[in-house]
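K.L.:
Chains as they are written, first to last, in our numbering: chain A, -4 to 314; chain B, 518 to 899; chain C, -2 to 310.
No wet-lab data here; the hints were simulated from the structure.
Note that this is a predicted model, so its numbers are computed, not measured.
Check before you lean on any hint, since a few could be wrong.
Said to hold, decoys possible - With a Cα cut of at most 35 Å, we get these calculated DSBU-like pairs of lysine-lysine:
no.: 1; chain 1: A; residue 1: Lys119; chain 2: B; residue 2: Lys889
no.: 2; chain 1: C; residue 1: Lys257; chain 2: A; residue 2: Lys49
no.: 3; chain 1: B; residue 1: Lys807; chain 2: A; residue 2: Lys119
no.: 4; chain 1: B; residue 1: Lys750; chain 2: C; residue 2: Lys246
no.: 5; chain 1: C; residue 1: Lys122; chain 2: B; residue 2: Lys598
no.: 6; chain 1: A; residue 1: Lys49; chain 2: B; residue 2: Lys807
no.: 7; chain 1: B; residue 1: Lys889; chain 2: C; residue 2: Lys246
no.: 8; chain 1: B; residue 1: Lys807; chain 2: A; residue 2: Lys25
no.: 9; chain 1: A; residue 1: Lys25; chain 2: B; residue 2: Lys710
no.: 10; chain 1: A; residue 1: Lys307; chain 2: B; residue 2: Lys889
no.: 11; chain 1: B; residue 1: Lys788; chain 2: A; residue 2: Lys25
no.: 12; chain 1: C; residue 1: Lys246; chain 2: B; residue 2: Lys598
Chain residues, written in single-letter form:
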Amino acid sequence: MIVKIEPEANRRTQKSKRFIWMKHSDSFMKGLLMVPTLMSASFVIFIVGFISRKGIAPFLPSVYGSERVNAFSFLSGTTWFVPPNVYGILFIVINTLYIVALSTLISVPLSVASALFVTRILPKKLQGVFKSIIELLAAIPSVIYGVFGLGIIAKSVVRLAELFHAQTAGGISTLTTIIVLAIMIYPTITMMSVAAISAVDPALEHHSLALGATKVQTMTKVTLASAKPGIFTGIILGVGRALGEATAVSMVAGNAGSGPSLMLFSTTRTLTSTMLLGLKETSGMDYDIRFSVGLVLIGVIFVSNFILAHFKKKVGRFS
Amino acid sequence: MMSLVGVMVLALIMGFIINRGVGLLTWDLLIGDYHPTTYNLSLPTTESLGGFARPNDLDESAFFSQMWGLGLMDDVDFEGKAVVRVIYVDAQSPLQMMRDKNNLERVVGLFPGLALEKVIFSDLTIGLSRTKAENFIILFDTHEGINDLLAVSSGNGIRGAIITTGLLIGFALMIALPIGIFSAVYLHEFAPKNNAFIHTMRKMIDTLSGVPSIVYGLMGAAVFIPFTSRISKAEGGNLFSGALTLAVMVLPIIISATIDALRAVPDDYRKASLALGANHTQTTFRIVIKSAVPGIMSAVLLSVGRMIGESAALIYAVGTAIKDHIILTEKSASLAVFIWSVMAGEVPNFELACSVAIIIMMVVLFINVLIKLVARRFALLP
Amino acid sequence: MKKLLLGMMGLLVFTMIGCGGNTTAFSFDASRNITVYTRDTTSGTRDAFFTGIDFSDAITSNGVLVANYVEVDGNGSMITSVKNDIYGIGYISLASLETSGLKGLVFDGVAATEANVLNGTYTLKRPFNYMTRAHWSGMERERQIVEAFVAFMTTIEGIATIQNKAGIISVEANTPSWDDIKSLYPVCLEDNSDVTIYFGGSTSVESVAKALSQEFSQKCGNFIAEHNHTGSGDAYKRTQGSEADGGNKLHIGFASRDFKSSESGDEGTSGFICFDAVVLVVNQANTAIDSITKSEAKKVYSGDKTLWSSLNP
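Here chain A stands alone, though its shape is the one from the complex (with noise of 0.2 Å):
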């Protein structure tokens, strides 16, 4: 900061003043920024507080009585709805981390190979052009996704299990919602990557290949393992977009009543389709239930991030 020249006279007490004044300032702005990175930090309180008052109504005596759901067969149940108060949750949790996991495995490879392509071989100015067109699809709409999986997914899922003598319900099924979010995650993974092994430094591989491994080995082994904390970040953005992901899976998974549907062809029901099938009542059971699937969705989200981010430091350190 310029400091200006003031009058010989009065600079000793100005100075001091000032530096008082300073000083104050200092520890003035730190109290007040502090209070909007407290609201900033509590919102998360506030989101799970919320919504765990309202999930944790269905099985409270007091507000549902003897309609109220037991809290143990909600959770170990594997039947949803049956009324007035069954309501069976565990082969929901099951279907949904089950086509998560399978999503995200077809998807991690093709996204990683894409980032690699595209800062390894790609020339520079068609990186951009790539990485223009990868943020579009993640602004995609996801309804648009659902329309794309029904449209075209489903049909080809149909001809698949034609092959294999199945049977779909007109390729509303397991493996039509893995694919749909596959694709979704897609761009999210790839985005991440991209980041990732454009930040390894060329040095390392210069040295890989003066000791003479070949184009492919140090792709592999060098640049992808010092990449790889970076695309791990990316996985487990891309497994909370597949968990928390609603209105296309919706479209696709048939919401099937009972379960775990392990089958590929078979119908299925995610957290977030329960959650969005037929929420039209703004009151009752029916109504205050799917806070309840929220709150286990919460629940699954932060323990499958909790363990992703364990294995994220394990890799990281063995590498």
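Dock chains B and C against the given chain A, drawing on the hints supplied.
P.N.:
Okay, now just chains B and C, sitting in the frame of chain A:
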């Protein structure tokens, strides 16, 4: 080769959307009202009926009434629903002298472009658009007076949705930007390092970015709608509750992007400023933030991109009613919710949904280019 | 550059496979399983359908349905799903049958037509009903407009509009015209452009209700009509029930079923608008059946008959 599969799928989706949606993409769609204008007309006196000749240039598939000098054709509207379109009205036709039913002094002639909904003739025979143009013409040719005629102009414009989206994003940024930037400044410039409490706060903000949007929607419905209803005359979902929900949703994006931008400011700047006698506050606000402005700009653009495509959260926090005249304290649909609305109706409308999706993608593309430009300036600065 | 070209070619092949899938239909094999499609439990169409086939346990419970049923959210997704699945069976509103591209089944020997609904022979039908508020304190103008609107629904003009949106009802000899009775509703001569009337309730009634309000707004001082259709259950709840005074309040709500005993509003606040028929649909490629009986339909949905070949053609 594997990446080619990725690119192919992408191209396929793009092709799918563009193929389906580009047909409807017109200027009228962008600036038009969603709700059609209704014309309720009657014809108190009938003169000069009959003897009209079918014009030569009238479409082959059109039907023509010689008695009324009227040409009708089966057509489809923006939603793909069948309508009966008025395509020709003879200059001498008595239909030119029809009156507004609510103000019989006012002459409102039937004009080409309107969709004819129903006609009740003076002997109370009913003609309906469901029965197609040909039957309409048969009825016209056998009746001499009109009691009640209903015609509508084509609706389905998305001007209301565009304005709603703009307002939502504007308000959300007004709330989220100060909170987000100040949080980032605190976390990066002021907060003590290696402090467990600060560390927890950062973790919590990171966690916020992993919350799925449907959960934000639940929160908006449970917290912000009651809140905004209390402080304004709103009853139920409104633009403010939506903006608040979006603001919370983009907070983590703004915070982490701003921190990145602050991190990129060379430490020399801070040291130089401090050495010149400026205190920490002055250094931060006059030097560091100024140099981080381009980075913060791209944070803004990133969050705009996220908000424009958001539907699940807004369905709960604002509602899904499509409006032409936006009132801040009432429900209204943004572009992405508009897509959801037209898809969730009894007769889903893929084409209109895809057209709006193209618009959203174009906006996102535009934002991407902007980010690139900003980033380039950013790179030149230090 | 080579890779780019290759990619383009790959894309072309992929697209062609995709399009090929749209046009080639499989031949129908009657030895296959029936895929049963149903709407979710909040749907009025579901209520009417299961009531119509004497399977009322299934109205609110999925547990009594055949295993492997598919639950869809809305009339539109029902149409898309059965169109995609040549072994599927579902039920839709008669209004959307013509444009759906599906095959409607003759039910108990009677074809699903408007004439058969009106003469009472086609039994798979449901009423569209309305319910208005009972308490109007502070809403005097709204009350008068809604009163006029209810009257308008029974005029020739109103009925014609209902018919145009596929509501099933006929004009009788003594049906008045709006021009005859509008003098009874002086509120319609005023400028009402600052009054908003909230419509809501069943999604099935939405198109009828919107067409009516759009026309009636013109005839009654240009009031603003706001529609928020969320399900039949909200017709009572938001006019006279637990949400009658909150942010979700309605001035008039619609239900695509009879009001339940728990929903009986005040005397004179509810009434009948028209009928709608529900029709069982199968894929166009289905060669197994053109008609179905009530008891067979129930057996299909309960899982007692799971093969197409087990149904009598």
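K.L.:
Does each hint hold? Answer for all of them.
P.N.:
Checked hints:
{"no.": "1", "hint": "A:Lys119 to B:Lys889", "verdict": "holds, 14 Å"}
{"no.": "2", "hint": "C:Lys257 to A:Lys49", "verdict": "holds, 28 Å"}
{"no.": "3", "hint": "B:Lys807 to A:Lys119", "verdict": "holds, 31 Å"}
{"no.": "4", "hint": "B:Lys750 to C:Lys246", "verdict": "holds, 14 Å"}
{"no.": "5", "hint": "C:Lys122 to B:Lys598", "verdict": "holds, 24 Å"}
{"no.": "6", "hint": "A:Lys49 to B:Lys807", "verdict": "violated, 44 Å"}
{"no.": "7", "hint": "B:Lys889 to C:Lys246", "verdict": "violated, 48 Å"}
{"no.": "8", "hint": "B:Lys807 to A:Lys25", "verdict": "holds, 19 Å"}
{"no.": "9", "hint": "A:Lys25 to B:Lys710", "verdict": "holds, 14 Å"}
{"no.": "10", "hint": "A:Lys307 to B:Lys889", "verdict": "holds, 30 Å"}
{"no.": "11", "hint": "B:Lys788 to A:Lys25", "verdict": "holds, 19 Å"}
{"no.": "12", "hint": "C:Lys246 to B:Lys598", "verdict": "holds, 31 Å"}
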